[in-house]
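S.K.: Letter by letter, the chains look like this.
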Amino acid sequence: METSKVIHAIYTDDDVLMNAVKSVRAEKHHIEEIYTPFPVHGLDKAMGLAPTRLAITAFLYGAVGLAVSIFMMKYIMIEDWPQNIGGKPSFSFIENMPAFVPIMFELTVFFAAHLMVITFYLRSRLWPFKDAENPDPRTTDDHFLMEIAVHNNEEALTKLLKETGAVEVNIIEKEDEH
Amino acid sequence: MYTFSNKLKTFSIALIILGLLGVGYGFMTSHKSFEEVETILADEHHGEEVAHADDTHAITAEAKADQHKKHVEHVQHQIANRPWAAIYVAAFFFMMIALGVLAFYAVQRASQAGWSPVLFRVMEGISTYLLPGGLIVLIIAGASHFIGHNNIFVWMDPEVVAHDKLIQGKAGWLNVWGFLIRGIIYLGGWVLYSHFVRKFSIAQDTAEDNRNFKKAFRISAAFLVFFLYTESMMSWDWIMSVDPHWFSTLFGWYVLAGMLVSGITVIAFITLYLKSRGYLEHVNDSHLHDLAKFMFGFSIFWAYLWFSQFMLIWYANIPEEVTYFVARVNDYKLPFFGMVVLNLVFPFLMLMNSDYKRLPWFVVMTGVIILVGHYVDVYTMIMPATVGDRWSIGIPEISSVLLFAGLFIFIVFNALTKAPLLPKRNPFIKESENFHY
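In order, the protein sequence lines correspond to chains A and B.
Per our numbering, the first sequence runs over residues 1 to 178.
Per our numbering, the second sequence runs over residues 179 to 615.
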């Protein structure tokens with residue numbers, strides 16, 4: 001089994017972490033991952049992560065929901081069995097549309113919300129019996145951890161990370177899963 | 179300090195003169211004699227009249243002549259109403275922008291928003307239009323009774339009331355003096371608030387402590403309570419009573435939603451204009467983004483109320499309520515449904531994207547559509563009751579809009595020169611200057 005080395009720098013303050021991210025990026029080291037106990041504003045920008053496209057998927061899912069509701073009610077209420085229910089005009093979809101709008105609205109929201117959440121779970125690989133991935137349990141409480149891959153530059157990296165205010169710098173042998 | 183550019187001043191005066199000429203022309207050409215209306219109708223309905231004669235041959239000639247006289251008089255009245263209604267719609271529309279801005283401003287004050295203080299002077303400037311604008315609305319309404327022939331509100335006509343049991347029952351509320359006194363109370367309350375809050379806001383610039391800020395906070399909270407009651411009653415008086423047989427409970431909020439969204443759009447416009455001229459250096463694209471979010475949100479809120487009012491009445495289809503929408507759907511199909519596209523569909527799709535909300539030209543383009551849409555909204559609230567199916571958008575309507583647009587620009591930009599555009603000692607000004615979303 002192949003092993004690779006990573007360096008774990010642990011911080012206790014998010015401001016220090018932000019500055020550390022900036023200096024590590026300035027030195028052109030690739031940050032593999034950062035573990036934080038809470039969302040740190042601007043961390044994604046500092047790391048240079050691409051913006052999320054989750055909102056775009058939600059818009060498309062909403063459009064699907066709207067289409068489903070229109071198709072469903074046009075088929076059921078207008079085409080399949082156009083009954084006279086309390087004198088409401090069921091001759092065409094448009095004539096009876098105000099009565100369908102609450103359902104069209106709700107299904108649009110329903111599809112947009114639920115499918116977007118499911119997309120989020122799939123893309124971030126979250127499910128009920130998933131093994132937790134945090135390398136250090138303290139990162140869920142009050143510590144911040146930056147993980148950087150080592151390519152025979154242990155000493156320089158350690159020095160840089162110490163300078164950025166890391167309270168702990170550990171080198172970890174990581175077993176590759178593949 | 180902002181200086182009113184001569185170009186803009188000339189432009190606004192040109193608008194006023196052009197508008198006045200058009201309004202004058204509208205009033206000059208709206209007085210048709212009985213015979214003139216007869217010939218107009220004969221020209222219009224030539225084919226119809228013949229078909230009509232066939233199935234009413236049983237009716238005696240006398241009854242027919244009577245019917246004909248009534249019809250012609252009805253149309254004569256509608257033609258005479260048009261310039262009144264046109265100027266009333268435009269006057270109300272611009273008054274409503276100032277009032278919407280004032281309400282939004284009070285909300286910003288009362289909620290102690292951290293993003294908006296850099297825009298406070300713009301909002302205060304726009305609110306100064308409320309006093310002249312509101313008085314003009316009241317004067318037009320009063321003049322339509324005292325000078326005109328009750329061209330906007332039928333319940334002002336004692337002749338009509340005498341034959342109308344329903345209006346008689348409402349006469350306790352719907353009478354001319356009650357209308358004018360209530361109008362002055364509403365307007366007085368709003369204008370007092372706008373005067374004092376601006377005074378405190380400017381006093382805070384040179385103050386040593388935050389007393390003025392706290393005073394502004396307190397009167398804003400009190401004003402919001404007063405406003406929500408009076409705005410509702412104002413919408414019954416100034417808008418809903420054009421159809422005195424009709425009533426709707428959510429009407430006040432519906433008018434409020436339109437008011438807020440057009441007000442916020444105008445804040446965005448004037449902010450962008452001043453920014454482009456180099457004033458308002460602390461306004462960044464995050465402020466614009468926030469304004470555009472409010473435009474987006476209140477557009478949806480407006481549509482929610484429009485639909486709630488329409489759908490509930492359409493669904494139950496009670497004759498005494500539904501005539502309101504029957505008149506609009508039959509005679510005003512394009513404006514009535516078109517405004518839903520302008521006020522909901524268009525802003526919904528345009529302002530959904532976060533990046534687009536930061537682009538000035540995009541916000542301006544969408545804002546123009548929103549303002550046109552809300553003008554059409556006021557138009558379809560007033561016109562069916564005054565001119566009925568004889569509506570069009572021509573010289574009386576367009577020149578009324580020009581007249582009030584010119585007046586609005588003149589008053590608002592004149593007020594903007596009266597105080598520094600950046601509040602100085604507002605406790606939230608630092609946060610607002612550095613606001614970033």
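In case anyone wonders, no lab produced these hints; they're calculated from the structure.
Fair warning: this is a prediction, and the values are worked out from it, not measured in the lab.
Treat the hints with care, as some may be off.
Below, computed lysine to any residue pairings styled on SDA-like, alpha-carbon distance capped at 25 Å [to be verified]: (1) K74(A) to V507(B); (2) K88(A) to H460(B); (3) K471(B) to M116(A); (4) K471(B) to I70(A); (5) K471(B) to L54(A); (6) K471(B) to A26(A); (7) K343(B) to V354(B); (8) K74(A) to L522(B); (9) K88(A) to I496(B); (10) K88(A) to E251(B); (11) K511(B) to S92(A); (12) K88(A) to K511(B); (13) K74(A) to R536(B); (14) K45(A) to R536(B); (15) K511(B) to M116(A); (16) K511(B) to E95(A); (17) K74(A) to V518(B); (18) K159(A) to A26(A); (19) K88(A) to K453(B); (20) K45(A) to E251(B); (21) K88(A) to K596(B); (22) K453(B) to V550(B); (23) K88(A) to V354(B); (24) K596(B) to E251(B); (25) K471(B) to E95(A); (26) K471(B) to A50(A); (27) K511(B) to V101(A); (28) K45(A) to G62(A); (29) K511(B) to P102(A); (30) K74(A) to F324(B); (31) K74(A) to A55(A); (32) K88(A) to I491(B); (33) K343(B) to E251(B); (34) K88(A) to Y482(B); (35) K88(A) to Q487(B); (36) K45(A) to F129(A); (37) K88(A) to W484(B).
Taking beta-carbon pairs under 10 Å as the criterion, some of the chain B residues facing chain A (in silico) [unchecked claim]: (38) F485; (39) F488; (40) M489.
We treat Cβ as the ideally placed atom computed from N, Cα and C, and that holds for glycine.
S.K.: Could you work out which earlier hints the structure fails to respect and list their numbers in ascending sequence?
M.R.: 2, 4, 6, 10, 13, 15, 19, 20, 21, 23, 24, 25, 28, 30, 31, 36
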